[in-house]
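Engineer: Single-letter residue listing:
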Amino acid sequence: MAETRDNVRYLASHEWARLEADGTVTVGISDHAQDALGDVVFVELPETGRSVQAGEEVAVVESVKAASDIYAPVAGTVIGVNDVLDAAPETVNDAPFDEGWFFKLQPADDNALNELLTPEDYRALCAADDH
Amino acid sequence: MLKKTCLNSCHIEAGGKMVDFGGWEMPIHYGSQLDEHLWVRASAGMFDVSHMTVIDLVGPDVKPFLRKLLANDVERLKTSGQALYSAMLNPAGGVLDDLIVYRLAEGYRLVVNCATREKDLAWIKACAEAFEVVVATPPNLSILAVQGPSALSVLSSVLDSAQVSLLSRLAVFESGFAGDWFFARTGYTGEQGAEIVLPNADAPGLWQALLASGVRPIGLGARDTLRLEAGMNLYGSDMDEGVSPLACNMAWTVVHNDRDFIGEAAVQAARAARVQPRLIGVMLKERGVLRAQYPVYSGDARVGVLTSGAFSPTLQCGIGFARVSAVTQPLFVEIRGKQLPLEPVSLPFVRHGKPVYSVIS
Chain A
0 MAETRDNVRY LASHEWARLE ADGTVTVGIS DHAQDALGDV VFVELPETGR
50 SVQAGEEVAV VESVKAASDI YAPVAGTVIG VNDVLDAAPE TVNDAPFDEG
100 WFFKLQPADD NALNELLTPE DYRALCAADD H
Chain B
0 MLKKTCLNSC HIEAGGKMVD FGGWEMPIHY GSQLDEHLWV RASAGMFDVS
50 HMTVIDLVGP DVKPFLRKLL ANDVERLKTS GQALYSAMLN PAGGVLDDLI
100 VYRLAEGYRL VVNCATREKD LAWIKACAEA FEVVVATPPN LSILAVQGPS
150 ALSVLSSVLD SAQVSLLSRL AVFESGFAGD WFFARTGYTG EQGAEIVLPN
200 ADAPGLWQAL LASGVRPIGL GARDTLRLEA GMNLYGSDMD EGVSPLACNM
250 AWTVVHNDRD FIGEAAVQAA RAARVQPRLI GVMLKERGVL RAQYPVYSGD
300 ARVGVLTSGA FSPTLQCGIG FARVSAVTQP LFVEIRGKQL PLEPVSLPFV
350 RHGKPVYSVI S
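Residue numbers (numbering that gives the first Met the number 0), protein chains in the order written: chain A, 0 to 130; chain B, 0 to 360.
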């Protein structure tokens, strides 16, 4: 059973988004997603400063199995990316909710995260996926 | 309902993630495809390949039959036990399948792919009608491949003395029976090792003994990246019925002499044609992963396509096979709308755990 976190919101496409104390949003992929992908071997991250729409393709994660697009959960500006993934993409497998984060956004709307799936919604979606 | 090999419960017990592979429930990995790949290069891994098809051929006409059926010439198998890699062509010169043929004390044994089983059997039986040949698929057999630098030493520690004695006498591409177990020094990884065809009833015992000796189970995912690094083709990806052996790096397996094999006239015509697509090794010069079906360009001209691609765990970069009409450099691959530089290289990429490719200039 894949781990979920209660302090983040989710997309149906398996990204998570965490609202930090400073108002920024950190984005990664869920444990369920990394498990389905298998070993991650390459992550293509967005340029810092890029402005993105909710649902826009902003990154790509490549595993031994396939290439998958990563979508921006909310609109905003990319203010940082996780450079650790350049040399150690396997961090996504090892710590998907922690050291394996992808990028940080300054959200255009502070309340946008409320539109995303709750942990409870997301667990239900994963359970349906497993059957 | 998926077919299961008799090692199915062994896979599940070992944590195998089971998938539908050509109608068989098979393990894609047991946790980490990358770790499994590197373990085979460094130590020894085992692969359940019982889904592949064993075909035994006997009869007074068996040799002339196989000299007609196969593009490589079984006349080259001088003694019992020797093995040969060959294409089986259709009359249009396309590859119906690739296979290994082993000369037995009496007759020959073919091991062909899983997905092509029914097609191959129908074709072989139809072609055999004009010959005094009996085509049999021996039932209740498992196939276990043990591959890696320590594969032979670990096997020697778990086998009985007659089996060890046989295995120690076999050179690469040789085979033989010890009782009803068939041992062949062949494989699909570019490492040392053996493939063992044995009765179903014996397979779980061998599996457990190898597991207890530190041999790790390896899934189909790592099997694919290992064979790609080893420069070995995958039927259905790198070649199929519409592809000439000349266009899939198999020209070295096609032997022309006075025997007239099926598809030979078409191959000769293809040889005479001026422009011939060829299959080459390619490496991605930037970070990323190559995948089958990515288009390949030289300047503005599309010159081919990747037939296989992956991230190479040994070389730590994207590698693949490209079928190209010309190797006019520089070559590029298009990935998500961007053109990235490719380096054409000789095959294989890796042998016995070490990079062995050279750049084609």
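Heads up, a few of these hints could be off.
As a list, the in silico BS3-like pairs of lysine-lysine whose alpha-carbon atoms are at most 27 Å apart [as the list claims (entries may be wrong)]:
(1) B/77 x B/124
(2) B/124 x A/64
(3) B/16 x A/64
Pair ranges (Cβ atoms, derived) [said to hold, decoys possible]:
(4) B/91 x A/118: 52 to 60 Å
(5) B/350 x A/110: 57 to 65 Å
(6) B/337 x A/78: 43 to 51 Å
(7) B/159 x A/128: 19 to 27 Å
(8) A/6 x B/315: 32 to 40 Å
(9) A/126 x B/353: 41 to 49 Å
Simulated coverage check for chain A against chain B, where a stretch passes if three residues somewhere in it have a Cβ under 8 Å from a Cβ of chain B [stated by the list, open to error]:
(10) 36 to 45
(11) 69 to 83
Just so you know, the hints here were simulated from the structure itself, not pulled from any lab data.
Keep in mind that this is a model prediction, so the values were computed, not measured.
The beta-carbon is built from N, C-alpha and C at its ideal position, and this holds for glycine as well.
Engineer: Each hint needs a verdict: does it hold in this structure or not?
Structural biologist: Going through the hints against the structure:
Restraint check for residue 77 of chain B and residue 124 of chain B: satisfied, since their Cα atoms lie roughly 25 Å apart, inside the 27 Å limit. Distance restraint check for residue 124 of chain B and residue 64 of chain A: the Cα-Cα separation of roughly 37 Å exceeds the 27 Å cut-off, and the hinted pair is therefore not satisfied. Of the pairs offered as hints, the one joining residue 16 of chain B and residue 64 of chain A holds, with about 13 Å between alpha carbons and a cut-off of 27 Å not exceeded. For residue 91 of chain B and residue 118 of chain A, the hinted distance range of 52 to 60 Å is satisfied, since their beta carbons lie about 58 Å from each other.
About 59 Å separates the C-beta atoms of residue 350 of chain B and residue 110 of chain A, a value consistent with the hinted range of 57 to 65 Å. Our hint of 43 to 51 Å for residue 337 of chain B and residue 78 of chain A is violated, since their Cβ atoms are close to 24 Å apart. Evaluation of the 19 to 27 Å hint for residue 159 of chain B and residue 128 of chain A yields a failure: the beta carbon distance comes to about 47 Å. For residue 6 of chain A and residue 315 of chain B, the Cβ-Cβ distance of about 35 Å falls inside the hinted range of 32 to 40 Å, so the restraint holds.
For residue 126 of chain A and residue 353 of chain B, the Cβ-Cβ distance of about 46 Å falls inside the hinted range of 41 to 49 Å, so the restraint holds. Requiring three or more residues with a Cβ within less than 8 Å of a Cβ of chain B, the coverage given for the stretch 36 to 45 of chain A holds, as 5 such residues are present. Here the stretch 69 to 83 of chain A counts 0 residues with a CB under 8 Å from a CB of chain B, which misses the bar of 3, and the coverage is violated.
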